Amino acid sequence: MNEIILIGLAGIIAVAAPIIFATIGETITERAGVINLSLNGTILLTAMAGFVVSVKTDSLLLGFLAGAAIGAFVALIIAFTSITLKQSQVAVGFVLTLLCRDLAYFLGNPFMGLPGPRIPSLPISGLKDIPLIGTLFFKQDILVYLSFILIAAAYWWIFKTRPGLMLQGIGERPAAAFVRGANVNRMRYIYTMIGGALVGIAGPMYSLSAKAGWKGTITGLDGIGWIALAITIFGGWNPIRAAFGAYLFALLQWLGIVLQPSFQNIPSQVLQVAPFPLMILALLLVNIGNTEWVDRTLAGLPESARRFIAQVLRALRTTPPASLGTPFENE
Amino acid sequence: MKTMTKTSSLWINTGFRIAAIVLALAFTSIVLLLSNARPFEAFANIINGSIGSSKGIANTLVAWVPLLLVTSGLLMTYATGMWNIGIEGQITLGAIFTTLALRLMQGTSVPPTLAIILSILAGILGGALWAGIVALLKIYGGVNEIFGGLGMNFVSTALTIWLIFGPWKRPGTGSMSGTEPFDTSLWLPQLEGLRISLWSVGIGIVGLLVVYFILQGTYFGLKLKAVGKNGRAAFLLGVPTTRYIMAAFLICGAFAGIAGAIQVTGVYHRLIPSISSGYGYLGMMVAMLVNFQALWAGVVALFFAALNIGSIQLPIVMKIDSTLSGVLQGALVLFFLLMEGARRTFLSKKRGK
Chain A
16 MNEIILIGLA GIIAVAAPII FATIGETITE RAGVINLSLN GTILLTAMAG FVVSVKTDSL
76 LLGFLAGAAI GAFVALIIAF TSITLKQSQV AVGFVLTLLC RDLAYFLGNP FMGLPGPRIP
136 SLPISGLKDI PLIGTLFFKQ DILVYLSFIL IAAAYWWIFK TRPGLMLQGI GERPAAAFVR
196 GANVNRMRYI YTMIGGALVG IAGPMYSLSA KAGWKGTITG LDGIGWIALA ITIFGGWNPI
256 RAAFGAYLFA LLQWLGIVLQ PSFQNIPSQV LQVAPFPLMI LALLLVNIGN TEWVDRTLAG
316 LPESARRFIA QVLRALRTTP PASLGTPFEN E
Chain B
35 MKTMTKTSSL WINTGFRIAA IVLALAFTSI VLLLSNARPF EAFANIINGS IGSSKGIANT
95 LVAWVPLLLV TSGLLMTYAT GMWNIGIEGQ ITLGAIFTTL ALRLMQGTSV PPTLAIILSI
155 LAGILGGALW AGIVALLKIY GGVNEIFGGL GMNFVSTALT IWLIFGPWKR PGTGSMSGTE
215 PFDTSLWLPQ LEGLRISLWS VGIGIVGLLV VYFILQGTYF GLKLKAVGKN GRAAFLLGVP
275 TTRYIMAAFL ICGAFAGIAG AIQVTGVYHR LIPSISSGYG YLGMMVAMLV NFQALWAGVV
335 ALFFAALNIG SIQLPIVMKI DSTLSGVLQG ALVLFFLLME GARRTFLSKK RGK
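Protein sequence lines correspond, in order, to chains A and B. Residue numbers in the first sequence follow the numbering used here, run continuously in steps of one, and reach 346 at the last position. Residue numbers in the second sequence follow the numbering used here, run continuously in steps of one, and reach 387 at the last position.
Next comes chain A alone, as it looks inside the complex (with noise of 0.2 Å):
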């Protein structure tokens, strides 16, 4: 019993590794200050690619390869219409978000179904006999460890360094980054195509593991590129807190997948949506700590309960970084 808890938490940190890669993509882009909106549609296009390229060459690298190259190019058109364009970033991301997915459908459909090779499995010999530890972190694949590595690797560039202390200043306050001599444009689009790569590479990872093949609308990926959009804001712009829901997503999903035998008059497609529901919810929490009327509620308590409820709230709250999604210009 033990055993299939254990491999069924195993299963949770495998799952989550493609969300990571997203997330943390998308926590880089957004810490210099532009918004991907683009997720779901590069998270599917990529997936199809992918795929696709796995199966032509024959080289699962080829097709990661290929997957970080159109995840960065669709960064790419994302940086160029909103920073040297200056067009709405929201604007393009959404069209971006519909164009990715159709394409995806559109040049997929004749492989739909195809097999088509997998990751293999690479337990570290050494590490992996190691009880519990073993199983859930040193069983898995190679892009399971990258996703560890891309973990501390984030958060140590973003908080432990001096390019990484730019890169926060070109996000909060752009002129004082400029005064200070960054390029604040240049490095925006450098930072938008490395975040891009990252998500792109998440799409293939689905498709060439996780969720093996390509099968068109019913792949099933449809919704995890706002779902890894959201943790993005849940975990505050922070690649650890952002890993931490992801896997938090992926507990979940695990749960409503155990729990459904017990639930069986519920159709599986309903518990299938469960995590937008919680997504609503989480945003919620860490957001409703910032509003007005929240404050003002908090004001008329008495004193030991106000400074109970303000100490979870500020626990809770994340806030974007200040320039996000405006454009920067030099006068």
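Just so you know, the hints here were simulated from the structure itself, not pulled from any lab data. The structure presented is a predicted model; accordingly, all values stated were derived computationally and were not measured. It cannot be assumed that every hint is accurate.
Which chain B residues face chain A? A few, computed with CB under 10 Å, are given here [as the list claims (entries may be wrong)]:
id, residue
1, Leu68
2, Tyr174
3, Leu316
4, Met318
5, Gly360
6, Thr379
Okay, derived cross-link-like pairs now, DSS-like style, lysine-lysine, Cα gap no bigger than 30 Å in a straight line [stated by the list, open to error]:
id, chain 1, residue 1, chain 2, residue 2
7, A, Lys154, A, Lys143
8, B, Lys353, B, Lys89
9, B, Lys383, B, Lys259
10, B, Lys263, B, Lys384
11, A, Lys230, A, Lys71
12, B, Lys353, A, Lys71
13, B, Lys353, A, Lys230
14, A, Lys101, B, Lys259
15, B, Lys203, A, Lys230
16, A, Lys101, B, Lys353
17, A, Lys154, A, Lys230
18, A, Lys71, A, Lys154
19, B, Lys383, A, Lys101
20, A, Lys101, B, Lys263
21, B, Lys383, B, Lys263
The following label-pair restraints were derived from C-beta to C-beta distances [stated by the list, open to error]:
id, chain 1, residue 1, chain 2, residue 2, range
22, B, Ser87, A, Arg332, 52 to 62 Å
23, A, Gly340, B, Val244, 30 to 40 Å
24, A, Arg332, B, Gly115, 19 to 29 Å
25, A, Leu142, B, Asn70, 47 to 57 Å
26, B, Ile64, A, Arg311, 38 to 48 Å
Every residue gets a Cβ at the ideal spot worked out from N, C-alpha and C, and that includes glycine.
We have chain A; now place chain B onto it with these hints.
Leaving out everything else, chain B in the frame of chain A:
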């Protein structure tokens, strides 16, 4: 002198718009060539399938009405600067409420005409309710309307499927083909031999006119736009911003609800799983393409509806997926946004000289 610069900038504007269309067609052609299909054959099939026959034209109008209604509604939320991505769910809830009303009245002594009218009113209520939740989450919960709306979309889909397979399932076993069709007396009257109802076309046109009038000719519309242009300034000048945002959402939801009601009483005559048919997202694209100007919404919506209908037969005739229409529509909006940005950059450089 002044008129000359005016005409020249008109030519520049038109030039950039035409370039956007040409680029979108070129992009779609490349996509077609990638899947070994002949572009001209595909475009000819789309034209033929949409406006090549009276049946095609009728079907295009069937798609036009809901698209026109949601686009009209979205112009209200866009005016306040809100992205009502939850419009899909608002259509769906309109359809669910309409179905509920018709189910309650079917087989009772309520006259059919009254039943249809009441069911459309129920649809309005459903759409507005769903939009109101998104607005409440936004105003009092700080939840961005994009995520609130999107979450509600998925919830509405689940609700539809649960109803179709659960409480409202057909005699015997529920199926993806939807609920049991209503009695023909509860259908919006259709033209002989065609699927289109002139009543629904009329509702669609009136809807657009109402929105055009509100936005162009009323104080209310002016304030909505003030909230969108600069919410903080509008608030300081005494416009109750949140109330106007709520009003825009409720009106938009009501329009989406009518669209859903027409999908039930005028088109499918029952509740089906994908009752919103993606018209909500498509309406957002139409609104972007007309640059949020009501005047062109009708024409562009008609064009997008024709693309949708024309591509339905592509899988049979050419063995390619019907999502081609989505590719072309997306490319059109993307290149329009690109060219709009290029035009502004071009003009500001020219002025700078």
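Hints versus structure:
no. : hint                            : verdict
1   : Leu68                           : holds (6 Å)
2   : Tyr174                          : holds (6 Å)
3   : Leu316                          : holds (8 Å)
4   : Met318                          : holds (7 Å)
5   : Gly360                          : holds (3 Å)
6   : Thr379                          : holds (6 Å)
7   : A:Lys154 x A:Lys143             : holds (6 Å)
8   : B:Lys353 x B:Lys89              : holds (22 Å)
9   : B:Lys383 x B:Lys259             : holds (29 Å)
10  : B:Lys263 x B:Lys384             : holds (26 Å)
11  : A:Lys230 x A:Lys71              : holds (17 Å)
12  : B:Lys353 x A:Lys71              : holds (21 Å)
13  : B:Lys353 x A:Lys230             : holds (17 Å)
14  : A:Lys101 x B:Lys259             : holds (21 Å)
15  : B:Lys203 x A:Lys230             : holds (28 Å)
16  : A:Lys101 x B:Lys353             : violated (40 Å)
17  : A:Lys154 x A:Lys230             : holds (27 Å)
18  : A:Lys71 x A:Lys154              : holds (29 Å)
19  : B:Lys383 x A:Lys101             : holds (14 Å)
20  : A:Lys101 x B:Lys263             : holds (16 Å)
21  : B:Lys383 x B:Lys263             : holds (25 Å)
22  : B:Ser87 x A:Arg332: 52 to 62 Å  : holds (59 Å)
23  : A:Gly340 x B:Val244: 30 to 40 Å : holds (32 Å)
24  : A:Arg332 x B:Gly115: 19 to 29 Å : holds (24 Å)
25  : A:Leu142 x B:Asn70: 47 to 57 Å  : holds (48 Å)
26  : B:Ile64 x A:Arg311: 38 to 48 Å  : violated (56 Å)
Violation of the numbered hints given earlier is confined to hints 16, 26; the remaining hints are satisfied by the structure.
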